[in-house]
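Got chain A; can you put chain B on it based on the hints?
In the order they appear, the protein sequences are chains A and B. For what it's worth, our numbering labels the leading residue of the first sequence as 148, then goes sequentially. For what it's worth, our numbering labels the leading residue of the second sequence as 8, then goes sequentially.
You can trust all of the hints, since none of them are fake.
Using 16 Å as the maximum straight-line C-alpha spacing, the simulated EDC-like pairs for lysine to aspartate or glutamate come out as follows:
id	chain 1	residue 1	chain 2	residue 2
1	B	Lys78	A	Glu282
2	A	Lys176	A	Glu206
3	A	Lys238	B	Asp193
4	A	Lys379	A	Glu246
5	A	Lys280	A	Glu311
6	A	Lys280	A	Asp269
Hints were generated in silico from the structure; no laboratory data involved.
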Amino acid sequence: MPARGCIFKCLQSLLLLLCVAIHLSAQKKQLRVAAASDLQTVMPEIAAAFQADSGHHAELIFGSSGSLFAQIQNGAPFDLFFSADSEFPAKLVQSGRAEPRSAVTYAVGTLVLWLPPGANCDPQAEQWRCLLKPEISRVAIANPAQAPYGRAAVQALQFARLYEQVRPKLVYGENISQTAQFAQSGNAQAGLLSLSQVHSPSLQGGRRWEIPRDAYPAIEQVAVVLTSAREKSAAQEFVQFVTRGRGRGLLEKSGFHLPDDAQPSTRHK
Amino acid sequence: MEALWLSVRLAVLVAAILLVVAVPLAYWLAQTAWRGKFLVESAISLPLVLPPTVLGFYLLVALGANGWLGKLWLAWFGHTLAFTFTGLVVASLFYSLPFAVQPLVLAFESVDPRLLAAAAVLGASRWRAFRQILLPLSVPGIVTAAVLSFAHTLGEFGVVLMVGGNIPGVTRTVSIDIYDHVQSLDYAAANRMAIALLLISFAVLSTIYAMNRRVWSPWPGR
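Chain A with its partners taken away, still in its complex shape (with noise of 0.2 Å):
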């Protein structure tokens, strides 16, 4: 019978097709990188053009940089750190949990305030005076024990002395990525996210306002090699390919600052 025939050419070259998959795979090198939620958005496209250069596949694990942090003290198996903030990367490296040298820093973030589209106050005319309206009644930012964005945004709240005025209105996400899904659904009214995350498709309806770079210090953002990655090598590479290589392109195209030269981080030598 031909049509027999066929189905069994058919699934003799699938299967072919098959262990060449888990042949070429199996050789290439698979990493962990466990990455800021303000990350979600960009390091997808990182990682597969990082995959498309190196041939390595690179797996994402997205979490509020402190509760990767937790995870990472307690020996999760990742190889590599991008953390929101230098003070996490900093303790894992003196707790021996991330390997010194490697800290650096590779992005900058911004702190931006997002309303939904369709809200009745101009961030960008009135800004903070926003967050004071009756009809916003909560404003949704990360928790600032675990995530350096909430840790930014009540800094900048407090400098614009507003935080206890506005400290009722306040709703935790638990990251960064759950705070603007708070502001996207429409459930809190406002959100002060991150700028990466507003030029994802699904906030792009909304209205900004980039929150004064002095109003709160600095979002360095660091990534470290962990002690305990197996592949310390394209570990390494990937950092490099983020802060030297088509990655800095990326990270700049999706709102992230880039420092002046990638240089490893002075703070932690």
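For chain B alone, coordinates are given in the frame of chain A:
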């Protein structure tokens, strides 16, 4: 301790409301001969199977400001359910419903139907038979239902993490508080809370098991 007190308040309230809702529902389920009964039973038991993220997702999105149900709610009450104590109560009602209904149905079904028939022959109304025969004979089931829904609500985590917003004194329940302490590596604080919760849960559960075994019983045996 604020978080623990909040969780206890939430659990007591949910258990109380659930009893009011679940007793008639369970009575109907135990009595009815309707062929579609299995559909209602399945719907009630859904929270046993579904992850809390499903409920959390619908509460956030369908009941958020952009969903039609949420718009209705918003127009009526002025705020969405997310980030409120009421929101947690509503979520917990769904989430703990099977823990209230199932023991009640079992208790009602295990009452000898001849007793109810005899009551009817002697001229008692259905309401009187329910009140004076079925309910007293089902007290262990009612206690189990109340205690299980209390305990289950006390331990709720996933839904609260998704819709709570972690507001101290409003939606930061003890499970969220423990999670936060662990995430910030404050193990001493996490341990204090965890031990308190562990002891309360153990005390509650051993109370019902003791009562069901008649080790200690506040009411006379049947």
